[in-house]
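**Student:** All residue numbers for the sequence shown refer to my numbering, where the first residue is 114 and numbers rise by one.
Hints listed in this document are in silico derivations from the structure and should not be mistaken for laboratory results.
Incorrect hints may have been included.
As the list claims (entries may be wrong) - Label pairs and their computed distance ranges (CB to CB):
id, residue 1, residue 2, range
1, Ser121, Asp190, 17 to 23 angstroms
2, Glu234, Ala138, 26 to 32 angstroms
3, Glu126, Val148, 34 to 40 angstroms
To be verified - Okay, derived cross-link-like pairs now, DSS-like style, lysine-lysine, Cα gap no bigger than 30 angstroms in a straight line:
id, residue 1, residue 2
4, Lys156, Lys196
5, Lys142, Lys173
6, Lys142, Lys169
7, Lys173, Lys156
8, Lys163, Lys177
9, Lys169, Lys156
10, Lys163, Lys174
11, Lys177, Lys156
12, Lys142, Lys156
All residues carry an ideal CB built from backbone N, CA and C; glycine is no exception.
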Amino acid sequence: MLAADPFSGEVREVDPSRILRQRSAVIAKSLDAQVFGIIVSSKNGQERMKLASSLKEIAKKHGKEAHLILIDLVTPDQLLQFKVDAFVNTACPRLAVDEVGRFPAPMLTPQEFEIVLGEREWEKLVLDEITEEPV
């Protein structure tokens with residue numbers, strides 16, 4: 114598996130089993146979370162408000178608290194001010210994977226969030242990708 118850094122142009126080989134272990138750990142850390150911050154990017158091509166709103170409704174259905182966070186540049190420093198147990202990233206999909214461990218709370222993909230809430234089985238985990246048009 115290859116990973117490309119869009120900022121540096123660097124391409125490197127990554128171990129898929131290592132990524133899966135990291136993602137499994139993030140999911141496990143989020144299982145007891147009660148308060149989620151659902152990140153929505155205001156960047157062109159990354160804004161998935163419809164998805165974020167849907168995830169918020171799923172959280173509500175499961176008795177969880179969820180807040181939509183509209184932000185342009187998603188960085189660990191930008192998220193320090195939010196008191197949540199875990200984040201759900203609907204912005205650039207690479208953030209949750211490439212920046213694992215750098216955020217002030219676990220960073221889930223939308224699909225991982227569904228696993229945490231019991232809406233998706235572990236075996237049905239897929240990598241996040243932006244496929245819908247911004248609304």
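**Student:** Tell me, in ascending order, the numbers of any earlier hints that this structure violates.
**Tutor:** 2
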